[in-house]
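Take a look at the letters that make up each chain.
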Amino acid sequence: MPSGDDELVKQHLGGPSDLSRLARAAESTSAPEAGPGAAPEAGPGAGTGAVVQARGLTKRFGDFTAVDSVDFDIQAGEAFGFLGPNGAGKTSTMRMIACLSPVSGGTLRVLGLDPVRDGSRIRSRIGLVPQDDTLDLELTVRDNLYLYGRYFGLPKKQLRERVDQLLEFARLTERADDRVDPLSGGMRRRLTIARALVSSPDLVILDEPTTGLDPQARHLLWDRLYRLKREGVTLVITTHYMDEAEQLCDRLVVMDAGRIAASGSPRELIEQWSTREVVELRFEAEGHETHGRTLADLAERVEVLPDRLLLYTDEGDATLDAVRSRGKSPIAALVRRSTLEDVFLHLTGRSLVD
Amino acid sequence: MPLALRAYQYSLLAYRRTWRGSLTTTFLYPVLYLAAIGVGLGHLIDHGSRQAVEGVPYIWFLAPGLLAGTAMQIGTNESTFPVMAGIKWLKTYFAMLATPLEVTDVLYGHLLWIVTRVALASGVFLAVMTAFHTVPSAWAAAAFPAAVLTGAAFAAPVMAFSATQETDQSFIMLFRFVVVPLFLFSGTFFPVTQLPGWLQVVARGTPLYQGVSLCRALVLGRLRGWDDLGHAGYLVLMLVAGVLAARVTYRRRLVQ
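Sequence lines, in order, name chains A and B. The working numbering numbers the first residue of the first sequence as 1 and each following residue consecutively. The working numbering numbers the first residue of the second sequence as 1 and each following residue consecutively.
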């Protein structure tokens, strides 16, 4: 390590925030400056405190437009979600924010910087939890964390302590010296999250963090993410699970086919795009379509699904009673509150999960 | 620390776990070839004469050929499967790209590691050659960078190629139809003058022939100015072209 870094190490002792300062110092002495001057470029909305700003953001792969001119702002310290089915453009958007994928059109500013010019600098201040982990299965848990920290240029001694802290955070201390290959999906995902935190980033991006995990693993993961939120880290999450979006996100955008269909907090979205409650009915004979027509006047809105009929109303129990008093006998009936799934259904006519 | 060196550290760390497995191919086999063919076969070839092959004992002729040949093999080997591992199997390249590292850092870091492997193997083999008393000239020390250049000249274009592949099937074709024929016919085991006229011309144009000739000239102290500069120049050109190609194919594959 060049002696300049040793000086920094002597001045700043331990602590996660100091580690990120050290990483940035390492960046400024070793990485070539991207453009004239070191001040962040004044892009749209500079000074509003938005951590991520997108205007007309577009991503094309040949003829196919994956992200079609979307606008959004992500504020510091919030948990922001991109909710939508597979193929909605969430991952493509996320990869542009993470400076992994070049922007095809529009403007994007991350931490006030332009990904085209300052990609490396932006990446030094964010953490990425990709959908496919990209862990080295042959190395140990500890090695994976340590190595990643070295990619960020973190000094060795501080890094070793940081790795121990992260192992604690991820509840992986007992498995620290095991190879990653035999670990369960939930453990690997916790490791990937811990890895993303090694440089104490201001912004953490998670792409479908709980896909493929069993319920217990999901809840443990959410717990870790809550902790992060409480520490003030900005989270950007893409997901197709509405419960995840509802639980974790302060605000979210609903994406479909590359466009943003709606945005707001989970509660705002439900209030705007759905009723308070939903009556789900399953009938045996005849199509749900037919039943839907005859019962339409009992609800504010009716949604016909292949296997169910949904009646949107503010008073579920009353509506269900009315259905029964019409002489209808559904095989199954339940009353539940509206969810983001209902919002998505209303906006696009399709369900979130195929 | 330059960013490429950060990528290099990955290979160092990974090697700490896998180095034992590489001992046989990197260090043992070349020595076995030297012993079996150089000594065993050489004894027959020399038949009492100490000038049997191009004026020297056979093992003196063979050793620098094996030096360059091994450099090529390691350089090529390390540029195929590990590159595919970085892209598809372990996705280590993608892990790196989510950090401040750029595509060029990933590429140069890996190339530097491959060159390190070639250097290790070449260094050990040269030491073995010296122990076998096949190193008559003081110029032989320069055979070390010549061997490393040979390995690097193969590594870069093969890395560029590997980044375009979806499966490792083409690697097997590469070994079967390029690596092995080159290894056998580039003046490694016998002078190319033994080949029929037209084939000689072809052989003299191939890359390993350059490395073999250069190493042999240095080890035996038989430098011929322009010829040897030509050999070195060819390899340097191949290395540079390979790196430029790799920059393109790596970017195309890793940034979408």
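The set of hints was computed from the structure by calculation and includes no laboratory data. Certain hints may be false.
[Said to hold, decoys possible] Only part of the chain B face toward chain A is listed, based on derived beta-carbon distances under 8 Å:
1) Gln9
2) Lys91
3) Leu97
4) His133
5) Gln165
6) Glu166
7) Arg253
Here the structure is a predicted model, which means the values were calculated and not measured. Every residue gets a Cβ at the ideal spot worked out from N, C-alpha and C, and that includes glycine.
Exercise. Please verify that hint: Leu97 of chain B, Cβ, nearest Cβ of chain A, below 8 Å or not.
Key: Given a least distance of 6 Å, the restraint on Leu97 of chain B holds.
Quiz item: Regarding the hint that Gln9 of chain B lies at the interface with chain A, is the smallest CB-CB distance below 8 Å?
Solution: holds, 5 Å
Quiz item: Is the shortest C-beta separation between Lys91 of chain B and chain A less than 8 Å?
Solution: holds, 4 Å
Quiz prompt | Status of the Arg253 of chain B interface restraint (C-beta, 8 Å, chain A) | solution = violated, 13 Å
Exercise. With chain A as the partner, please determine if His133 of chain B meets the hint condition of a C-beta pair closer than 8 Å.
Key: violated, 41 Å
Quiz item: Holds or violated: is the Cβ of Glu166 of chain B closer than 8 Å to a Cβ in chain A?
Solution: violated, 17 Å
Exercise. Hold the hint about Gln165 of chain B up to the distance rule: shortest CB distance to chain A must be less than 8 Å.
Key: Gln165 of chain B check fails; min Cβ-Cβ to chain A is 19 Å, beyond 8 Å.
Violated hints for the displayed structure, listed by number in ascending order: 4, 5, 6 and 7.
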